[in-house]
Amino acid sequence: MNLTLKIWRQAGPSVIGKMETYKVSDISPDMSFLEMMDVLNDQLIRDGKDPVAFDHDCREGICGMCSMYINGQAHGPNRGTTTCQLHMRSFKDGDTIYIEPWRAAAFPVIKDLSVDRSSFDRIIQAGGYVSVNTSGNTQDANAIPVPKENADKAFDAATCIGCGACVATCTNSSAMLFVSAKVSQLALLPQGDPERELRVLRMVEQMDKEGFGNCSNTGACEVECPKGISLENIARMNREYLRASVTSE
Amino acid sequence: MGATGLFLCLFLVGHLAGNLQLFIGGAEGQLQFNEYAKFMTTNPAVKILSYLTYFSILFHTVDGILLAVENRKARPVKYAYNKPSANSSWASRNMAVLGTLVLAFIVVHMSNFWAQMHWGEIPVQISGPDGTLDEPLKDLHTVVLGFFNPAENSLALAAALLYAFAMVAIAFHLWHGFQSAWQSLGVNHPRYTPLIKGAGKAFSVVIPALFAIIPLYLYFTQAA
Ligand code: HEM
Ligand code: SF4
Ligand code: FES
Numbered sequence: 013m014n015l016t017l018k019i020w021r022q023a024g025p026s027v028i029g030k031m032e033t034y035k036v037s038d039i040s041p042d043m044s045f046l047e048m049m050d051v052l053n054d055q056l057i058r059d060g061k062d063p064v065a066f067d068h069d070c071r072e073g074i075c076g077m078c079s080m081y082i083n084g085q086a087h088g089p090n091r092g093t094t095t096c097q098l099h100m101r102s103f104k105d106g107d108t109i110y111i112e113p114w115r116a117a118a119f120p121v122i123k124d125l126s127v128d129r130s131s132f133d134r135i136i137q138a139g140g141y142v143s144v145n146t147s148g149n150t151q152d153a154n155a156i157p158v159p160k161e162n163a164d165k166a167f168d169a170a171t172c173i174g175c176g177a178c179v180a181t182c183t184n185s186s187a188m189l190f191v192s193a194k195v196s197q198l199a200l201l202p203q204g205d206p207e208r209e210l211r212v213l214r215m216v217e218q219m220d221k222e223g224f225g226n227c228s229n230t231g232a233c234e235v236e237c238p239k240g241i242s243l244e245n246i247a248r249m250n251r252e253y254l255r256a257s258v259t260s261e
Numbered sequence: 009m010g011a012t013g014l015f016l017c018l019f020l021v022g023h024l025a026g027n028l029q030l031f032i033g034g035a036e037g038q039l040q041f042n043e044y045a046k047f048m049t050t051n052p053a054v055k056i057l058s059y060l061t062y063f064s065i066l067f068h069t070v071d072g073i074l075l076a077v078e079n080r081k082a083r084p085v086k087y088a089y090n091k092p093s094a095n096s097s098w099a100s101r102n103m104a105v106l107g108t109l110v111l112a113f114i115v116v117h118m119s120n121f122w123a124q125m126h127w128g129e130i131p132v133q134i135s136g137p138d139g140t141l142d143e144p145l146k147d148l149h150t151v152v153l154g155f156f157n158p159a160e161n162s163l164a165l166a167a168a169l170l171y172a173f174a175m176v177a178i179a180f181h182l183w184h185g186f187q188s189a190w191q192s193l194g195v196n197h198p199r200y201t202p203l204i205k206g207a208g209k210a211f212s213v214v215i216p217a218l219f220a221i222i223p224l225y226l227y228f229t230q231a232a
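Protein chains in written order, with the working numbering: chain A, 13 to 261; chain B, 9 to 232.
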């Protein structure tokens, strides 16, 4: 396949970037999108040019590092996949492909397509943890009864890989889907109970501090999320927040 | 946003019920509407409801605008190529624009009738279908009919169309807003959410459509 790529190039966090055009040829339809980017970078390096910086790690859809806004959609045109799971057979020979970084004030560009998602880490640090007994006589986890349905819902929420596609696609750059997944996975389990109120209050406070936008329930996040995290989690977080605001001191 | 939005939906239902009385023709219609208008401006329970409504509109508008401004700031550099229609409805992405249109309409609408009723010099109804009234009534009925009558208001057609257009804006606002409000309030349930979404779509079409028919009806029946 021969392709025209329009890629956002930005030398550093405080420089103004712009879209640049590149051509790649002989791309196999079986390549992943990231392998296609590798081919481009190989070509750029051979030409003595600066390769395109982009995030990636596992290349199997589990780490959440790969990002990229491809042809106007987070992780490209397919549903339920990350960019490393996107294959070139989803495009046609001769296509022009637009590739941009996640765009949000809370995800500043480090270089080119690579953005700083440490705002997510700070939200987790604010409350996304549980207290555990470290006295040496830890309780058997199975000794605490958990309804199967809650265990399933908590597990579904816990499949969030923190990729940030929800923020990237949201017209408001809201992080509600991510934060609600992280609140839900603990709020649904007895292990999360001790910090239940403080957790949601602190995580939402940190989310706002980081400069994410407000949720207006457009539902775009749920559609683009590679892990199918449901909007039910956002409603649950709204309930948790309401409850905590009324009951906590 | 959710609580005030839903309260304003309730307000719409009440307001519509009142307006539908404009379909009653003749002297009965005139008397009933003017008595209703008097009731709405004097009854203490209605007073409380109307202050709640003013407060809701104010809070909903100010909060909505503040949120919209924050949301703009949250993405300082826009995408060169974006395809938002792939994953969300147009109405859901344009709530602030639609809301602003609704607000502009509310201002125009209140200056057309509400301000007239309170401070304007409007005609007085002294006799009804059964003879002279015990007490004369402010004749808002005649003001409203006259407003949409091309023989009395050269802009009657424009007014009727403007009112109908505003109802399209409110329909889109509610197409997304009605179900969105429940989600904001934390109500999302496998059994009830599909019902809420269905009810929201029906509400957002039927209520504005009924509102919109009234000025069009008044214009076309009087223009004929
Ligand atoms: C009769 C008039 C109105 C009704 C019935 C109404 C109803 C609603 C409802 C039900 C919602 C969803 C709330 C939520 O998701 O929590 C909403 C959202 C919204 N409304 Fe209104 N509204 C009205 C007038 C206005 C006006 C005058 C504005 C002025 C700008 C406005 C601006 C907004 C905005 C910006 C949102 C989105 C808020 C968000 O991001 O959650 N609305 N409205
Ligand atoms: S909720 Fe989905 S889109 Fe958002 S960070 Fe988690 S996995 Fe990514
Ligand atoms: S590189 Fe790990 S999810 Fe794509």
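Be a bit skeptical, because a hint or two may be false.
What the hints assert, rightly or not - Not everything, but these chain A residues come out facing chain B in the computed CB check (under 8 Å): (1) V64; (2) S126; (3) D128; (4) K165; (5) T183; (6) N184; (7) V235; (8) E236.
To be verified - Some chain A residues flagged as far from chain B (calculated, every beta-carbon gap over 12 Å): (9) S37; (10) S44; (11) P63; (12) I109; (13) R115; (14) D220; (15) S228; (16) N229; (17) G231; (18) R251.
To be verified - Result set (DSSO-like, lysine-lysine): computed pairs, CA atoms no more than 30 Å apart in a straight line: (19) A:K221 with B:K81; (20) B:K91 with B:K209; (21) A:K165 with B:K86; (22) B:K46 with B:K205; (23) A:K165 with A:K123; (24) A:K160 with B:K81; (25) A:K165 with B:K205; (26) A:K30 with B:K46; (27) A:K123 with A:K104; (28) A:K160 with A:K30; (29) B:K86 with A:K35; (30) B:K91 with A:K104; (31) B:K209 with A:K61.
No wet-lab data here; the hints were simulated from the structure. From a predicted model like this one, the values you see are computed outputs, not experimental measurements. Beta carbons are placed, not taken as given, at the ideal position from N, Cα and C, and that holds for glycine.
Checklist entry - Are A:K165 and A:K123 close enough, with their CA atoms no more than 30 Å apart? => result Distance ~37 Å between A:K165 and A:K123 Cα, so the pair is violated.
Checklist entry - Is it the case that A:I109 keeps its Cβ farther than 12 Å from each residue Cβ in chain B? => result 9 Å, violated
Checklist entry - How about A:S126: closest beta carbon in chain B under 8 Å, or not? => result 15 Å, violated
Item to check | Agreement of B:K86 and A:K35 with the hint, judged by alpha carbon distance not exceeding 30 Å | outcome: 24 Å, holds
Next on the checklist: Against the 30 Å threshold, does the CA-CA distance of A:K30 and B:K46 hold or violate the hint?
Outcome noted: With a Cα-Cα distance of about 63 Å, the restraint between A:K30 and B:K46 is violated, given a limit of 30 Å.
Checklist entry - If you take the shortest Cβ to Cβ gap from A:D128 to chain B, is it below 8 Å? => result 14 Å, violated
Checklist entry - Given the hint that A:K160 pairs with A:K30, does the C-alpha gap stay at or below 30 Å? => result Outside the cut-off at roughly 50 Å; violated.
Item to check | Least C-beta distance between A:S44 and chain B, which was stated to exceed 12 Å | outcome: Non-interface label on A:S44 holds, nearest chain B Cβ at 21 Å vs cutoff 12 Å.
Next on the checklist: Quick check on A:K165 please, does its C-beta sit within 8 Å of some C-beta on chain B?
Outcome noted: Hint on A:K165: violated, closest Cβ of chain B at ~11 Å, above 8 Å.
Checklist entry - Are all C-beta atoms of chain B more than 12 Å from that of A:R251? => result Label violated. Min Cβ-Cβ 3 Å, cutoff 12 Å.
Next on the checklist: Quick check for students: does the CB of A:R115 sit more than 12 Å from each CB in chain B?
Outcome noted: 5 Å, violated
Item to check | Agreement of B:K209 and A:K61 with the hint, judged by alpha carbon distance not exceeding 30 Å | outcome: 55 Å, violated
Of the numbered hints given earlier, the model fails hints 1, 2, 3, 4, 12, 13, 14, 15, 16, 17, 18, 21, 22, 23, 24, 26, 28 and 31; all others are met.
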